[in-house]
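Residue numbers (numbering that gives the first Met the number 0), protein chains in the order written: chain A, 0 to 281; chain B, 0 to 281.
In case anyone wonders, no lab produced these hints; they're calculated from the structure. Where hints are given, some of them may not hold.
[What the hints assert, rightly or not] So, partial list: chain A residues that the calculated Cβ filter (under 7 Å) puts toward chain B: (1) Ala28; (2) Leu149; (3) Asn157; (4) Tyr158.
[To be verified] Here are the simulated lysine-lysine pairs, BS3-like style, with alpha carbons at most 30 Å apart: (5) A:Lys140 to B:Lys140; (6) A:Lys254 to B:Lys140; (7) A:Lys107 to A:Lys140; (8) A:Lys254 to A:Lys264; (9) A:Lys130 to B:Lys140; (10) B:Lys254 to A:Lys140; (11) A:Lys107 to B:Lys130; (12) A:Lys107 to A:Lys189; (13) B:Lys264 to B:Lys275; (14) A:Lys130 to A:Lys76; (15) B:Lys189 to B:Lys219; (16) B:Lys267 to B:Lys130; (17) A:Lys140 to A:Lys130; (18) A:Lys140 to B:Lys130; (19) B:Lys254 to B:Lys266; (20) A:Lys267 to A:Lys140; (21) B:Lys130 to B:Lys76; (22) A:Lys267 to A:Lys219.
Backbone N, C-alpha and C define an ideal beta-carbon position, used for all residues, glycine too.
There are 2 protein chains.
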Amino acid sequence: MTEWIWINGEVIPLSEATVSIEDRGFQFADGVYEVIRLYNGRPFTLDQHLARLERSARGIEIVPPMSATQLKSEIGKLLSRASLHDGMIYLQLTRGVAPRNHIFPQTKPTLLFYARELPPMPEIDRCEPVKLRTVVDERWKRCWVKSIALLPNVLAKNYAITNGADEAVFTEYDCVTECSASNLFAIIGKELITHPVGPKVLPGITRMLLLDIAAAVGLKPVERPLTESEAETADELFITSTTREIAWVSHWNGKPVSPGHYGEKSKKLHAILRDKIARETA
Amino acid sequence: MTEWIWINGEVIPLSEATVSIEDRGFQFADGVYEVIRLYNGRPFTLDQHLARLERSARGIEIVPPMSATQLKSEIGKLLSRASLHDGMIYLQLTRGVAPRNHIFPQTKPTLLFYARELPPMPEIDRCEPVKLRTVVDERWKRCWVKSIALLPNVLAKNYAITNGADEAVFTEYDCVTECSASNLFAIIGKELITHPVGPKVLPGITRMLLLDIAAAVGLKPVERPLTESEAETADELFITSTTREIAWVSHWNGKPVSPGHYGEKSKKLHAILRDKIARETA
């Protein structure tokens, strides 16, 4: 099945889509991106993703070439053509093409997005756990910008995999911040705890949704730094991301963590998230 | 005049050169690069640049698709075709094209380089100074890798320009490390001082040459962290880079710095560097 991409206003097969080697996304990582999950052929929390795109773009002084409303309409048209049930949209915005120079050029940004099929999410009880490996955080200090300068994340993720884990969790001094491509949550007693958004933590959309949902399962949402030993000994521990929703953590640096299965409260949060997804993408 | 690029073994006009939007250089900043200066149509310190390319590539676990010797020969062929007198080669190596996923794919790296004309360097007495602006260092901690994840450098440089300077100099606590696209040197008494290479400092080729040359002008090369006040009050202060050679610093955060003109010792270093360039590119 052909995958389609919208690139600077044109819709073409993804396999044919290219950018100039002088696109600043290629030479300077001078751009931002979003990944949006599709359920039932519809994008979930698209408005929130497009709002974050605008914040990221503003954070690096790129002016998007169209409004969120226009972009939403163009994404809708691409989705009609793609006609996927389960999948994702990958969207990228760069500062555009110009002869290589650090100085911001006067040029038109490059904007593209494509839809790709993904397997449907498994039932909650069948969701696979993840094994985490700690990696000292060597990333830059504006991780709240969802930039394409992902090399440190890529290196951390692969270091984790080489060491028998699935995902890297960043540590800074004694604290754990987030993972290479997901946020981290701990349930300790009656609290649902995650690190505040900022220099080292991206404002994950699923992260935000779970903080909203917490109260519904009797948990108090708390945004504070979490120490490594708190995370390791939490009652329940999970990661969140757009494409994974929630994945419970089974191992921390090779050691099993509590409770050894998908925790009851985590599962309840997941069930409420699923209800919301079903409602909003019906 | 057509600019030529060698891209994955093919030589084509630069204006036609593209990469897949799923090249990891475009989606993950998953690559490294080099810039080599051409004098008299010949690349200066090409071996040193290619050695650094290999170190950078190893640092992020990319295996270059050819040896430095083969690469040197291909660069030579492109230069014959380009027939430039003054110019540069821009070279980039990425992990290649694969469906987007943080995990290292099994794929062939993307390798490209192109030659571009530059104006000849002015006589030493006519070299323009630079105004520096301090910027808190928010970059990652592997700056010794010459990676294309340059977004923080781009933002710092443009912040400097917006604030009336030409180049950003990074500060970390009380120390100054390097600039957004150059290394920083201070002459204090009989010492030529620059920050050691490491997490926050790239092993600049011109930097290395100057440390070698220092003794010839009676200066002791010293690699140690330099405080901001030492830099501001140094006898002479300059930056180095492949394309600028040496540029003396006239202002630091808007204030004039010593000696207010191109310093005598700095100029002597520059003259010896020019002799070396002339000899090696004759």
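(request) Tell me, in ascending order, the numbers of any earlier hints that this structure violates. (result) Per hint list: 4, 12, 14, 20 and 21 violated.
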